[in-house]
Amino acid sequence: MTRQRSLHASMVRRVLSTQAIMRITLAFWLVLVALAVGCAPPAAPTQGKIAFLLPETKTTRYESHDLPIFRAQLAALGFNVERDLIYSNATQDAAAQQQQAEAALTNGARVLVLDPVDSSSATAIAELAKARGVPVVAYDRLITDSAAVDYYVSFDNVEVGRLQAEALVAALTGEGNPQIVMLNGSPLDSNTTQYRQGAMAVLDGRVTIAQSFDVPDWSPDKAQEFMAQALTALGNQVDGVYVANDGMAGGAIAAMKAAGLSPLPPVTGQDAELAAIQRILVGEQYMTVYKAIHREATAAADLAYQLWLGRTPDPAQFNAQVDNGRIQVPAILLKPISVTRVNLRDTIFADQFWDPVEVCVGEYAVACVTAGIGIEEGVP
Amino acid sequence: MTTPAPLSGGSTLWAQVWSRVNRPDFAYVPMLFGLALIWAVFQLVNPNFLTPLNLTNLVLQIAAVGTIAVGLVLVLLLGEIDLSVGVVSGLAAAVMAVLNVKSGVPGPIAVLAGVGAGLAIGWVHGTWITKLRIPSFIVTLAGQLAWQGALLSVLGNTGTVNLRDPFILSLAGTFFKRDVPGGEMLSWVIGGLFVSLYAVGLAWERRQRLQAGLAARSLRSLVAQVGIIGVGGLGAIAILNADRGLPSALVLFIGIVVFFDYITRRTVFGRSIAVVGGSPEAARQANLDVDLIRISVFGLASMLAACGGILAASRLLAVHQSSGSGDVLLNAIAAAVIGGVSVFGGRGGVWSAVLGALVVGSISNGMDLLVVAPPVKFMVTGAVLLGAVTLDAVARRRREAAGL
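So the sequences go chain by chain: A and B.
Count along the first sequence from 1, then add 5; that gives the number in the working numbering.
Count along the second sequence from 1, then add 29; that gives the number in the working numbering.
The reader is advised that the hints may include incorrect statements.
In silico SDA-like pairs for lysine to any residue, Cα to Cα no more than 25 Å straight-line [said to hold, decoys possible]:
1) B:Lys160 to B:Gly307
2) A:Lys227 to B:Leu112
3) A:Lys227 to B:Ala430
4) B:Lys206 to A:Gly138
5) A:Lys227 to B:Lys160
6) B:Lys206 to A:Leu133
7) A:Lys63 to B:Lys160
8) A:Lys135 to B:Leu181
9) A:Lys227 to A:Glu289
10) B:Lys406 to A:Ser224
11) A:Lys135 to B:Leu82
12) A:Lys227 to A:Glu61
13) A:Lys135 to B:Val209
14) B:Lys406 to B:Gln72
15) A:Lys227 to B:Ser247
16) A:Lys63 to B:Asp356
17) A:Lys227 to B:Leu170
18) B:Lys131 to A:Gly113
19) B:Lys160 to B:Val304
20) B:Lys406 to A:Glu68
21) A:Lys227 to B:Leu359
22) A:Lys63 to B:Arg246
23) B:Lys131 to A:Lys63
24) B:Lys406 to A:Gly113
25) A:Lys135 to B:Ser199
26) A:Lys135 to A:Val86
27) A:Lys135 to B:Asp194
A short list of chain B residues far from chain A (calculated; beta carbon distances all over 10 Å) [said to hold, decoys possible]:
28) Gly108
29) Trp157
30) Phe166
31) Arg238
32) Gly284
33) Asp320
34) Ser325
35) Asp356
36) Asp397
37) Met408
38) Gly416
Don't read these hints as lab results, they were simulated from the structure.
Cβ atoms here follow ideal geometry from the backbone N, Cα and C, with glycine treated the same way.
Please build the complete structure, drawing on both the sequences and the hints.
Here you go:
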C-alpha cells in the first residue's frame with residue numbers, strides 16, 4: 006500500500022516536472038517573442054548619435070589621441086558626448102568592425118566616422134550605412150571601391166612617404182651607393198600604397214633597396230623578425246632603413262641592436278609615438294613624421310557635427326578630391342611635418358603633443374637637456 | 030517510458046526540474062534558459078537588443094560561425110578536435126574569391142571549388158590522424174599554420190579581394206522580403222514547412238520506436254516540443270519580416286543543420302560516429318569501418334568550415350589576409366561546446382551548434398550594443414565558455430551517478 010502510493014506519487018511528480026520544464030520554457034519564449042514584437046517599431050531616435058569606429062589598440066595614437074580629441078571637440082560644440090557618442094575599437098578584426106558598425110546603427114547612429122581595419126572590406130559597412138541614410142566619413146584611412154563614402158579626413162599620405170624618404174636620403178648624403186631595407190605597412194591598409202608611392206618617388210635611383218617587406222598588421226614583432234632576417238641576408242651591410250611607422254621602427258631598431266650594429270644607421274618612422282620621440286632624443290631613430298592628430302580629429306569632429314545637425318557641410322573646408330577607385334571623395338587633407346632631433350622642440354613640444362614630464366624620464370633626462378627641452382617649459 | 034530516474038534529494042520543484050534536466054532528452058533545456066536569461070538581461074539594459082533589426086543582424090552574425098560549429102560538433106562526437114577550421118574557412122573563401130575574381134570562373138563553380146578544397150583538406154587531416162595515428166590536436170594545429178600560409182599565397186600580394194559576383198553575394202546577402210518578389214509569403218511557407226517536417230519527423234520516430242517495442246516519449250511531451258519549435262520558428266519569421274525579411278544565410282545555415290541532424294540521428298554512418306567516439310573498441314567489434322568513419326568526419330568538418338568561410342566572405346563582401354583568423358576558431362569551438370556537445374566524445378547533437386552559436390553570438394552582439402571594450406568582451410566570453418563546460422561536466426557526472 007505504502008509502496009504503491011509512493012510509486013504513484015513519483016509518477017505524478019515525473020509528469021509534472023516534465024510539463025513544468027516544457028511550460029516554463031514555452032512561457033519564456035512567448036514572453037521574449039512578445040517583447041520582440043512589442044518593441045518592433047524601434048523608438049525612432051529623435052536625436053540620433055555619432056559613431057566613432059577605430060581600427061585597433063596596438064598603435065597608441067587611437068586611444069591616447071584620436072578619441073580624446075574627437076570627444077573634446079564634440080563636447081566643445083555642445084554635443085552630449087556622454088549620451089550620444091558611440092565609440093568602438095575593432096582590435097584589428099574586420100569582421101568585428103562590421104559587427105560594431107551594425108551595433109552602432111542599431112543604437113541609432115546618424116553619422117558614422119569610420120577608420121577602417123581593412124580599406125576594401127569596409128565597403129560592406131559603408132553600403133549598410135548608406136542603405137539606412139547615414140552619412141559616412143572615412144577617417145584617416147580611405148574606404149576604397151565604394152560609392153557609399155561621403156567624406157574623407159586624413160593627412161596627405163603621399164606627402165608622408167615623401168618626407169620620410171627625403172629625410173633618409175639627406176641623412177645618407179656622402180654614402181657612395183647607399184643600401185637600404187624597406188619596411189612598409191600592412192598591405193590591407195590603403196595608406197600603405199600611398200606612403201610607398203611618395204617614398205619611391207624620392208628613393209628611386211638614389212639608393213639601392215636591398216630588401217623590402219610589407220609587414221602584416223603593422224606588427225612591430227614581425228618588423229623585428231623581417232629586419233633580423235634582412236641583416237643576416239645582407240651581412241649587416243645596411244646604410245639606412247625606411248620604416249613606415251614608429252611601432253615598426255622600434256622593432257627594426259631592436260633587431261639592429263641585437264645584431265650589434267653600432268652606430269645604428271638612420272631609421273625613419275611616423276606617428277610621433279612617445280617611444281619614438283625618446284629614441285630620436287638619444288639618436289637611435291633618425292626621424293618621425295608628426296601628424297597633428299589634433300587637427301585631424303578636430304576636423305573630423307567638426308564635420309561629423311555638421312552632418313549630425315543635418316546640414317550640408319560647407320564645401321570650402323574640403324581641399325582635395327580623392328579617388329577611391331569608384332568615386333571622387335571630397336576630402337580634408339592635412340599637411341604632415343618631418344621631425345628630427347633638430348626641430349623636436351619647435352613641433353612636438355611646442356604643440357604640447359607630448360608632455361616633457363612623460364618623455365624626459367630616466368636615461369632620457371640628459372638627452373632632453375641637451376636638446377633644450379626642459380620640464381619647466383612643458384608646464385603651460 | 031524509460032526507467033524512471035531516481036529523484037534525487039527531496040521533492041522540491043527545483044530538485045525535480047534538475048533531475049529531468051539530467052536526462053539526455055533535455056540536455057538543451059539549461060542552455061535555452063541560459064539564452065533566455067542573456068536575452069532578457071541585454072534587453073533590459075539596451076532596449077534595441079530585441080528589435081527586428083538587431084535580431085536580423087544577430088542571425089547574420091552567427092550563420093558563418095554556426096556552420097563551422099556544426100562540423101566541430103561532428104569532430105567532438107568522435108572525441109577529437111579540429112583546430113584548423115578557422116583558417117580553413119578563410120582559405121576556402123580565398124580559393125573561391127581568387128578563382129572568381131582573378132580567373133573569371135563563374136560564381137557557382139568557384140563556390141563548389143572552395144567547398145571542395147575544404148573537403149580535400151579535411152580528408153588529408155583525417156587520413157593523417159587515422160592512418161599514421163598522430164593526435165588530431167597536432168595534425169590540425171600543424172594544419173592551422175600551413176593553411177594560413179596557403180591562404181596568404183592564394184591571395185597574393187594584393188591582400189584583399191573584393192567580391193562582386195551576384196551569386197556569391199546572394200548567398201548571405203539576400204533578404205526574402207526585400208530582394209525576392211513574393212518573398213514574405215515564401216518565408217512563411219519555408220517556416221511552415223520546417224515546423225511540419227519537424228513534427229512529422231518526431232511523430233514518425235515515436236511510431237517506429239513503439240512498433241519496435243522500445244520506450245518512447247509521451248505524446249504530450251512531443252506536442253510540447255513541437256509547440257516550442259513552432260512558436261520559435263514562426264516567431265522568428267515574423268520578427269525577421271518586420272525588418273528586411275528572412276536572410277538567405279539563415280536558410281542555408283538551418284538547411285545544413287537539418288541535413289546533418291538527419292545524417293547523425295537516422296543513418297548508419299551518422300550513428301556510427303557517436304559509437305566510434307564513445308567506444309572505438311565496441312565499434313570495431315561491431316564491424317564498423319572505424320578508419321573510414323573518422324576520415325569522413327574530418328573531411329566533413331573542413332567542408333563545413335569552408336561553407337562557413339564562404340558565408341562570412343559573402344557577408345563581408347571581401348576576402349582578406351586575416352579572413353578566418355581572429356576569434357573565428359575559438360567562437361566556433363565555444364558554440365559547439367556551449368550548445369551541449371560533450372568535449373569528452375560520444376554525446377550531443379547537431380542542433381547544439383545552433384544553440385551555442387546563438388549564445389556566443391548574442392553575447393558578442395549585446396556587448397557591442399552596450400559598447401563594451403574589447404578586453405572585457407573577451408573575458409566575458411571566456412567566462413561563459415568555462416561556465417557552460419562546467420555545467421556540462423557536472424550534469425554528466427550526475428547522469429553517470431544516476432546510471433543513465
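Hint check results:
With a C-alpha separation of about 20 Å, the suggested pair Lys160 (chain B) and Gly307 (chain B) falls inside the 25 Å cut-off, and the hint holds. Between Lys227 (chain A) and Leu112 (chain B), the direct Cα distance comes to roughly 23 Å. Compliance with the 25 Å bound is thereby established for this hinted pair. Distance hint between Lys227 (chain A) and Ala430 (chain B) is unfulfilled; the C-alpha atoms sit about 52 Å from each other, more than 25 Å. Between Lys206 (chain B) and Gly138 (chain A) the CA atoms are separated by roughly 19 Å; this keeps the pair inside 25 Å, and the hint holds.
A C-alpha spacing of about 37 Å is found between Lys227 (chain A) and Lys160 (chain B), which places the hinted pair above 25 Å, so the restraint is violated. A distance of roughly 17 Å separates the Cα atoms of Lys206 (chain B) and Leu133 (chain A); the hinted pair therefore holds under the 25 Å criterion. A threshold of 25 Å between alpha carbons decides the hint, and for Lys63 (chain A) with Lys160 (chain B) the separation of about 43 Å lies outside it, so the pair is violated. Restraint check for Lys135 (chain A) and Leu181 (chain B): not satisfied, since their Cα atoms lie roughly 31 Å apart, outside the 25 Å limit.
With a C-alpha separation of about 19 Å, the suggested pairing of Lys227 (chain A) with Glu289 (chain A) holds against the 25 Å cut-off. Restraint check for Lys406 (chain B) and Ser224 (chain A): the C-alpha separation of about 23 Å stays at or below 25 Å, so the hint holds. Annotation: proposed proximity of Lys135 (chain A) to Leu82 (chain B) holds, straight-line Cα distance about 16 Å (limit 25 Å). For the suggested pair Lys227 (chain A) and Glu61 (chain A), the alpha carbons sit about 17 Å apart, so the restraint of at most 25 Å is met.
For the hint pairing Lys135 (chain A) with Val209 (chain B), the CA-to-CA distance comes to about 21 Å; that is within 25 Å, so the pair holds. Of the pairs offered as hints, the one joining Lys406 (chain B) and Gln72 (chain B) holds, with about 18 Å between alpha carbons and a cut-off of 25 Å not exceeded. Among the hinted pairs, Lys227 (chain A) with Ser247 (chain B) is inconsistent with the structure: their alpha-carbon atoms are about 62 Å apart, more than 25 Å. Between Lys63 (chain A) and Asp356 (chain B) the CA atoms are separated by roughly 17 Å; this keeps the pair inside 25 Å, and the hint holds.
In summary, the hint linking Lys227 (chain A) to Leu170 (chain B) is supported, as the alpha carbons are separated by about 21 Å, within the 25 Å threshold. Distance check on the hinted pair: Lys131 (chain B) and Gly113 (chain A) sit about 39 Å apart at the alpha-carbon level, beyond 25 Å; violated. Straight-line distance between C-alpha atoms of Lys160 (chain B) and Val304 (chain B) comes to about 19 Å, which keeps the hinted pair within the 25 Å bound. Restraint check for Lys406 (chain B) and Glu68 (chain A): satisfied, since their Cα atoms lie roughly 17 Å apart, inside the 25 Å limit.
In summary, the hint linking Lys227 (chain A) to Leu359 (chain B) is supported, as the alpha carbons are separated by about 23 Å, within the 25 Å threshold. At most 25 Å may separate the alpha-carbon atoms for a hinted pair to count; Lys63 (chain A) and Arg246 (chain B) exceed this at roughly 56 Å. For the given pair, Lys131 (chain B) sits about 33 Å from Lys63 (chain A) by alpha-carbon distance, which is inconsistent with the 25 Å threshold. Our distance criterion of 25 Å between C-alpha atoms is met by Lys406 (chain B) and Gly113 (chain A), whose separation comes to about 22 Å.
With a C-alpha separation of about 19 Å, the suggested pair Lys135 (chain A) and Ser199 (chain B) falls inside the 25 Å cut-off, and the hint holds. Of the supplied pair hints, the one linking Lys135 (chain A) and Val86 (chain A) holds, its CA atoms being roughly 24 Å apart against a limit of 25 Å. Note on Lys135 (chain A) and Asp194 (chain B): the hinted pairing holds, with a Cα-Cα distance of about 20 Å set against a maximum of 25 Å. The claim that Gly108 (chain B) lies off the interface holds: its Cβ sits roughly 29 Å from the closest Cβ of chain A, which is beyond the 10 Å cut-off.
With 10 Å as the threshold on Cβ separation, the claim that Trp157 (chain B) sits away from chain A holds: the shortest Cβ distance comes to roughly 28 Å. The Cβ of Phe166 (chain B) lies farther than 10 Å from every Cβ of chain A, with a closest approach of about 25 Å, so its non-interface assignment holds. The claim that Arg238 (chain B) lies off the interface holds: its Cβ sits roughly 17 Å from the closest Cβ of chain A, which is beyond the 10 Å cut-off. Here Gly284 (chain B) stays apart from chain A, with its beta-carbon at least about 22 Å from theirs, past the 10 Å limit.
Distance check for Asp320 (chain B) against chain A: the nearest CB is about 36 Å away, which clears 10 Å, and the non-interface claim stands. Every Cβ of chain A is farther than 10 Å from the Cβ of Ser325 (chain B); the closest lies at roughly 30 Å, confirming the non-interface assignment. Residue-level check failed: Asp356 (chain B) sits 7 Å from the nearest beta carbon of chain A, not beyond 10 Å. Chain A draws Asp397 (chain B) into its interface by the beta-carbon criterion, the shortest separation being 4 Å against a cut-off of 10 Å.
Distance check on Met408 (chain B): its Cβ is at least 13 Å (rounded) from any Cβ of chain A, clearing the 10 Å threshold; non-interface status holds. For Gly416 (chain B), the non-interface assignment is confirmed: its Cβ lies about 19 Å from the closest Cβ of chain A, beyond the 10 Å cut-off.
Hints 3, 5, 7, 8, 15, 18, 22, 23, 35 and 36 from the earlier list are contradicted by this structure; the remaining hints agree with it.
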